[in-house]
Every structure is written in structure tokens, then in C-alpha cells.
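Assemble chain Y onto chain W, guided by the hints.
Chains W and Y, in that order, give the protein sequences.
Residue numbers for the first sequence follow this note's numbering, so the first one is 359 and each next one is one higher.
Residue numbers for the second sequence follow this note's numbering, so the first one is 48 and each next one is one higher.
Rather than coming from a laboratory, the hints here were simulated on the basis of the structure.
Warning: the hint list may mix true and false statements.
Estimated spans, in silico, between C-beta atoms of each pair [stated by the list, open to error]:
#1 Y:P212 x W:Q414: 33 to 39 Å
#2 W:S698 x Y:S454: 50 to 56 Å
#3 W:E731 x Y:Y391: 56 to 62 Å
#4 W:M400 x Y:Q362: 56 to 62 Å
#5 Y:Y236 x W:A757: 34 to 40 Å
#6 Y:S454 x W:K565: 26 to 32 Å
#7 W:S698 x Y:V64: 55 to 61 Å
#8 W:N753 x Y:P156: 25 to 31 Å
#9 W:R546 x Y:S454: 53 to 59 Å
#10 W:R546 x Y:D452: 36 to 42 Å
#11 Y:T366 x W:D839: 31 to 37 Å
In silico DSBU-like pairs for lysine-lysine, Cα to Cα no more than 35 Å straight-line [stated by the list, open to error]:
#12 W:K858 x Y:K268
#13 W:K972 x Y:K558
#14 W:K711 x W:K730
Cβ atoms here follow ideal geometry from the backbone N, Cα and C, with glycine treated the same way.
So you can see what is in the structure, the chains are spelled out below.
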Amino acid sequence: MKRGMYKKGTAKRLLKTLFQFHPVALPLITLCIVFTAAVSSMPSIFMQNIIAVLEQNQGGDWAHVGSQILRLVSILAVLYMVSLASSLVYNRAMAVITQASLKKMREKLFNKMEGLPVRYFDTHPHGDIMSHYTNDIDTLRQFISQSMPQLLISAITILTLFSIMIYYSVWMAGVVLGGVAFMLLVIRKVGGNSAKYFIRQQRSLGKAEGYIEEMMNGQKVIKVFCHEEETKAGFDAVNDDLFHNSEQANTFANILAPILMNIGNLIYVAVAMAGGIFLLTKAHNLSISGLVFSISVVVPFLNITRQFCGNINQVSQQLNAVIMGLAGADRIFAVLDEASEEDAGHIMLVNSKEENGALVECAERTELWAWKEPLPDGTARYTRLAGDVRLREVNFHYAEDKSVLHHITLFAEPGQKVAFVGATGAGKTTITNLLNRFYDIADGEISYDGININKIKKSDLRRAIGLVLQDTNLFTGTVIDNIRYGRLDATDAECETAAKLAGAHDFITRLPEGYRTLLLSNGSNLSQGQRQLIAIARAAVADPPVMILDEATSSIDTHTEAIVQRGMDDLMKGRTVFVIAHRLSTVQNSDVIMVLERGEIIERGSHAHLIEEKGKYYQLYTGAFELE
Amino acid sequence: MWKILTKSIREYKKPSVLAPAFVSMEVVIECIIPFITAQLVNQIKAGCGVDTILKYGLLLLAMAGFSLLFGRLSGTACATAASGFARNLRRDMFHSIQSFSFENIDRFPPSSLVTRLTTDVTNVQMAYMMIIRVAIRSPLMLIFAVIMAFIMGGRLALIFAFAIPFLGTGLYLIIRKAFPIFKRVFRKYDALNRSIQENIQGIRVVKSFVREAYEKQKFEKAAEDVRMEFTAAEKILAFSSPIMQFCLYINMVLILTFGAYTIISTQGLHFNVGQLSSLMVYSFQTLVSLMMLSMVFVMITIANESAHRIAEVLQEKSTLVNPENPVYDVKDGSVDFSGVSFRYSEKAERMALEHIDLHIRSGETIGILGGTGSSKTSLVQLIPRLYDATEGVVKVGGLGVQAYDISALRNQVSMVLQNNLLFSGTIKENLRWGNPLATDEEMREACRLAQADDFIAQFPDGYDTHIEQGGTNISGGQKQRLCIARALLKKPKILILDDSTSAVDTHTDAKIRKAFRDYIPDTTKIVIAQRVASVQDADRIVLMDKGGIVAVGTHEELLEKSEIYREVYESQNKAGGRQ
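Isolated chain W (complex conformation):
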């Protein structure tokens, strides 16, 4: 029944992880639980003793029997107190441990995620990644806080009860075991079905969620096309599917308890019958205690039988939670097992200053950066950071069968503005993905200031390249927080200057609370153009020697764009800029324009030069005006 729901070995790995999280606390709690369970089964023995005493002395005199009973009752009370105390301790400790474990699990997942290569995010639906944090962690909560202790307690109780059973009579224990085997069969069948449908329910819930998400985001398009009825029909289909699986899952889960309870009743009857027959036939008893069959064996045994079956029923109630928890753990582990971004670079970016004509490393921020290459002899070689970027014979493909870039060779000297033009899919954005090593090239070489970028530590390489993308991503927080994201130690004044450079200052001051305005859900209270301006300001405050603007002004009107360009030209004076745009007015004043087609540079040169050549660029350019 478990096949396909989760991987083998997941349970072991999950437990190992949890014990690693709490190497001291968890073993202690486990002991505490074992103790609680053991103590909890003691009272039933004392109770039997008290009843036995009562039965023997039914006609007796309280003054005589009273002290004996009171003594037993007080031992019982003490036992109760101990069990109560340990139960209180483990319940509260478990609450603490559960939340601490979930936090550690979340952190582990998040830390792993931050280190995953961009490729992972490009190839996995974001909703799926998100659900590891919500659904999968949630299943773990149930598993850790309830299923684990409950299973442990039940297991110990069952063992204890079983020992007591064989203490009284092995034969009658055999009758109970036979019944329990039947119970297990039922659990396997009904519980297996229940788990199966719970997993299906989870799956159809995911499907419904996907459908709802798509439609809620496209609600305006639906209205414009009067597509409401079709959308409803589509929803009804996934909704009915979810209903069906949910109904089945809950039905099986609901009926398991009554079925097991009544099997318990059957076992009870069977034991009573067996006991009666044994008593009547005066059969020979086999037991640890050596007791012969008598009423004082059969009656307590009946009580224990009831408890025994009750505990098995309790275990079965945890079945769904266990299977769902393990399936969730499985998905989390799959993420943790993903390969992280590799970084074999050793060259670092450091602050430096010039002393006697040589570069020297220093701690303070100097605006003068250098590449530091540690040498085997303990010294280091420093190269001044300039922003010279070269691609030589670069080939690249995202998937094995589809080549994206071929034989790309280009030079960008410090101070140059290099533009990429070409139809979407020609490979413009891919080049930027390669420059900061979001993806690694298959063949050829990319160098930065003469250093192969594979040798530069990724974090330092990326710090040396500013990137502004078409799809802006802002974070929850104020406007100024978002700008400061570019450089965490930037002052308010520096952030404002950057905003002015980016042409964002005007609209920001018009926001209700200016720079302190809170941005919610990726800045949904701003227009796409305004978001782009903030993203540019964010890159500007980072003040990088090389900047990539990938369709960074596509949603900004041309008037504002001109302001932004002036600002950026000022900022990037003497530095290297890569510009990607489909709007030719954005790229016209670049030093070099590369025309890309199907992953190859087909033309290169300045605007004037390309116009003269009357090639593809000329066609593109004049195409816009042919209708005049």
C-alpha cells in the first residue's frame, strides 16, 4: 500500500535529520515518552490488585481491609502524579521541539534554495517550489508533533500489555493475536485505501490550485472575452475531481475506526468464550505467572484485551498522517539533494588603493577595485578592475539538443556602451545569463579584465556586474529599502541621488509617504514603468563597473526614458554598459550595436556604420519609417 507514495529509507532519513537537529533534547524526550508510557500502564495492574482485594473481602470489615486498600490507592495516586508530571513535560517539550524542527527544516530548505542554480528556478514551476514550504512542511508538523509520540506510546503500551497477557495466559494471548492479525489485514486494506485517496486528494488539490491561480490572474482577460461560462465549466471539472477524492479519502478514514472498534468487540467475545471453555474444561494453562485458569485470570484478561485493541486502533488513526508526512519529507529531501551552484573560482574582488604606483589591498571602500589572485607562495597578484569584457568563440545551449548561441565573439572595452538588437529568441538575454554565470558556457571563453570568469568567485563576479531585468522584482518593504538593496550601506542621501539618476525621484516624492511608502506584493501599487525606474535606481546605487540593462526601460514612456538614459550615461561614464532593447531609440547612441539572429552576431558596428551597411539593422530601422 505504501508503494509509490514515498521512497524507501525516507523514514530513517527523516528521523536521522530530526535527531541531528536536537541531538540532546530529542533522545531525552524519547526517554520521557517511554517513561510516560511505561508508567501509564502500571495503574491498570494496581487497579486489578485493588479489585482483587475487594473481591476477596466483599463481606469483610472496612476497618480491617481499609488500610490495605488505602495503601494501594495511595501508590496508585503517586504513580498517577509521576505519569502526569512526565506527560506534562513531554507535551510541552514536544511543542517546543516541533516548532524548532520546523524552523530548522524551513531554514535548511531556504538556505539550500538560495544556493541552487538559476536553472533550477527556470525549470521548476514556482508554485511547486513554494508548496515545499507550505504543504510539505505542514505534513511534517502533524508527523512530528502527533504521529511520532503517539506511535511510540502506543508501541510501548502494546508491548507492555502483551507482556501482561502472557503473564496471565499464553493460550488466551494467542486468541487475541489471531484477532489482531485480522485487524492488521483490515488496516492494510482500508487504511491503504484511505492513504491512497489522501495522496490523490493532495494531488487534485494541487491541480485545482493551479487552475484557480491561472484563472484568477487572467480574470480580466476572461471578462473581456466573455469567457466566464467556459471557465466555470473548466473549474467544475477539477472541483468535482477534488470532491471525489476528498470524499473517498475521508470515507475510508472515517470508517476505519468503527471497523477496528467492532473487531475489538469480536475479539472480546472470542476471548470471553475461550476463557469460559478453558474454565469449564479445566484446561492446562501456560503462563509466566504459572497461574491456573480461574476467574481471576479470565476477568483481568478481558480488560487488557479491550485496552490492547484500543491501542491498535489509535495507531491506525496515525496512518494517514504518517504516510502524508513521509511523502512530504520525500519531496523536501529531493530539493535538499539537488546539486548546488558550483563555484571553483578563487579570484576575489577587493577594495584597493594605489601606493607608489602599485595596487594595495585595503579594508575601506575606496571606489578603486582590484581583482586579487592569491598565488601559491602566499602573496597575491592584483589587477585593477576596469570593466573590460570579452567573449571568444562562445557556444551555449540550455538543453542538449537545442543550441542557442554559436561562435559569439565580442569585445567591450571600458567606457563602451554595447547594444544587442535582434528578434526575441535570438539569444540576447542568454548572453547576459552567461556574463554573470547564471549559466555556464559549453565552449569558448568569457573574460573580465583579461581573467577567465570561471576563475573568479561567483559572488565577486556578480558584484562587479549590475543587472537590471525587464521583469522587475521588488521586495516587501519601503521604497528606500528597495533601492538600498543595491548596496546595503548606502545612506539615504545616496539612495535619493540614485533615484534622481534613474528618473524615479519625481514620482517617488508624489507617493503618499514618499521614500517611506510601503511596497506590497512586488510593488503592485506601482505601474510597471515605475517599478522599472526603482529597479534602475537599485542598480545605480550599487554603482557597478559593468552594467547590463536587459529591456530595462521597456515599459517606460520615451520621454522618461530619455531622462533615465541621460542619468545612466552620467553614472556609467568610463564604464561598460550592455543594453538590450527592441526599441531602436534606446540603443541608437551605443558605441557598438550587435545584431543577433538565431544565436549568431550577423552585424556589428555603430548606428551610423550599420545604417551605411544597409543590412538587417538598416531594414529594422527603416522598417519603422517606411510608412511615412
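Frame of chain W, contents of chain Y only:
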């Protein structure tokens, strides 16, 4: 609030009523069984024969059979009722959302609607199942157990009178203390999830600014916040089980002591050992029922918030309604704005549009230009009645837009939205949104006009190419062209393009405009654009600024009389590359 929700029970009323009925039967039998077993034990003790045991055994067997039957029936009924209720809730909400106007849609962010339709409904489903199952079971069990206890134990059962209020008070205090923390923690939990979402979407930003460590630190803080609050709440909840055990133990000790005293002192005449054991069983049952009952309250309080959010959606009334006797026929493609002002909501301080007078002839091509925030989009959204004008009249085909059947109007006024979307499915399926009955030839025709046919033909699967959710597997320009083709398939009298070619290169953009002029000359075309080039060949160009019309005229006229227009034009063509 729950009243609004219960309307969605509908066809699941029957299982909703049957479930508690079956549960009651189940409870009755469950309470009788210990009574019979007590008798059985007494009989065995009295040294009865196997035939007596057999008699009791058969009786028990029959009882177990009934118990199983009712357990099964109630389990099935509960599952059906709760799942069915959830299904209807989702369905009613989703259908209600489909009737929302743009104004309604603006009020609910998509992510919040997704949560309401999934997590919130699941919470209510769980609570509902608890209500129809446990909310009946526990009080019944409680009453029954107490009655049986008095029958069996007489005065001894008075001990219960102390335990029950004690446990009740304890549980009440726990819920009261823990609930506000839970309410708070869910908000923090939302914040945590939001931060994760931002990191997933903005991974390129995080990595390019090398902010992994910073983000980890931020996350750690948020996760710690959540942990602390949850731990505080759960630590309080962790008391509930020990409190219950405490009451149970006190009960047991008292019953044993006084029971033993009574048995001995009355020589087992008024009270015997069998009664004592049953009294203990009933004491256990009583407290467990009370505990379950408290769980129901916890579930209901948690679900209350969810129920509230669901009711909000169900109660939301569309702000646009169809007229009583709607007109289905749109005469022509003329559009008239007379003294139109508009604001997005009653609370908005600023008018998005003010005093607009604009008259567009059928078949005319109108370009609309204006800076970010000049309300270009607001203006055109009034034409297919996506919003109603706050003041003034918007007419299409000579008739006020409010007189038309909304669907009929929107089928004639086809609009390509700014943030347009394709849906997961094949290209054909997406195109059929424009016209479900479109033939392959019609689709190809529309795609040719929108300059999409060429690139579609290059896909290995052509028109059957599968589009991923949000159209992520095709480029922005291709997406925009497909959106235009989809709108064209409606064969509308008025076609509105709201910055719909911004990702299309200028050459293709020009081709699209030429195709429009040549092949659909009678359609009124309204084009919002950033590039002057996209609109300069229009019959008239409307220049907008801050919610008003600044100038109207042909390209040449505007170059002459509008300084802003001239500036914009020159900024876009300044490099002097024109020959």
C-alpha cells in the same frame, strides 16, 4: 456569516442530517456495549456456563454488527456531507467571482482569492466534519455516560460533578489564551511565505546583487518570529491533555476509595465490583467527550476566520449589472464620450479622467499617446464597459453602453489588454477564446493579420503547439501577436489595442498596422502606444496628460500645434538616422 455559507450545503443537506442521526445511534450502542460486558463479567464471575457466555457473546456480536453498520453509515455520510459542502463552497465562490466586474476584481488580489478557494475552504470543510460528527457525538456521549454513571454508581457519580466543571474551565482558559496568539501567528506566517515567494520570483535579483546571505538572515528572522509565536501557542495547548489526565486521575482515585468503602461497608449489596469497573469506564468516557468537545471549539474558532473570508467573496455583488431589456445589436463602431469623468472607487481622491469629450466615427483609426499615468487605459476601458463612467455618457453605436447586454457589447468591442495573458493549452485553444467556432482557416487568417502565422508555422507542432501557463515558452512579442489574433477572431466592430505591440519590433509593428488598414478598414481601431511611430499614421491622434485630453489631431497637425507632441516625437527620432 455562517448563514451565508450554509446556503451552499444544498444537495448535501440529506447526508448532513443523516450523519448526526447515525452518529447518535452509534453512540447509543457504544454506551450499551460496556453495560453488557459488565453483565458478562459478572456472569463469568458467578461461574456461569459456556452457554450463558455464548448468549451474551451473540448479543454482543449483534451489537457490534449494528455499531459497525451505523459507524460505516455515519462515516460515509460525514465524508460526503463535508466534502460536498466544500465542493459547493468552492463552486459558488468561483462562479461568483466570474460575475465580478473589473472594480470587484481590483478589490481582491488574485493570491488572496486562491487562498480563499483552497486553504480557507479546507479549513471550513474540516470544521464542518467535526461539527456534524463530534459536535453531536460528544455531548450525547457526555450525557449518556453521566446518566449511566448515576444509574450504576448512584451517589458516587456525584464525583463527576466536581471533575466536569474543573476540566471545562481549564479547557476554556486554554482556548482563550491560545486563540489570540494563533490569530497573530497566521499573519506572521503569511509574511514568511511572502518573503519566500519573493525570493523564488526574484532569484536573479538576489543572485546578481549577491544578497543570498542577506536574504538568509532576513528569512531566519522571519522564521524565528513564526517559531516563537507558534511555540507560545502550542505550549499553552500542550496543557490540555495533562489537564484532562489530571481530572481523570482524581476521579479514579476518588471513585476507587469511596467505591471500595461502599462495597465493603454495604457488603456489596448496594454497590459491587462490576459497578465499580463500569463507573470507571464511564468516568473515562465523560472526560474524553468533554475534551473532544473542546477540540470542536478550537476547530470552529480557527475556521471562523476562514469562513469570514469566504463569506466576503460570496457576498460581494457585481458592481455592473445587465439592463432589464438589453440591446443585443451594436449598430456600428462609433464611440462618443460626452462630459465623461471617472474614478476607480468612491474613496479615490483623484479623478482618473476628467471632462472627456471625444467623438470617434465608425471605421476611424485613433492613436492615443501620453506619459505614464495619463489615464490612457482608463479611457478605453470605459468603451467595452469594463467600468462605468462616474459622470457623463459613453456611447457605442449611438447608444449608451449601459443599454447593451454586456456580453453582446464586449463581443463587438474587442480589447487587447496591456498585461495580456495566454492560458495553458494549445495555440488553437487560446485563439478559440475569440471565437469558439472559428475554423482553422479563420484562425490562420487572424494570425496572418497579427503577423503571427509565420512564427507559428515554424513551431514543430504549428497551431497545436502547447502554451505553458502564462505563455512562458514563447517570447513577449509572440505572445502579444497571439493576443491580437485572438482579439481579431471576434470580428469586432471596435478593436482596442492597449500598448499591445510594445514587445513587437518596429518592422512587424508596422506590418500589423498595414494589415489592419488593408483588411479590416471598417473596424474602428483605437491604439494606445508609447512610440509615435505606432500611431503617426492614424486618422487622429489623441494626446493625453493627467487624465485629460490635451490635443487631438493628425500627426502633422499635432507636430505643428502641440509642443509636448513635438518633444516626444523628436526625443524618439533624435539620433538623426532618418534620411
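Output the numbers, in ascending order, of every earlier hint that fails for this structure.
Violated hints: 8 and 10; rest satisfied.
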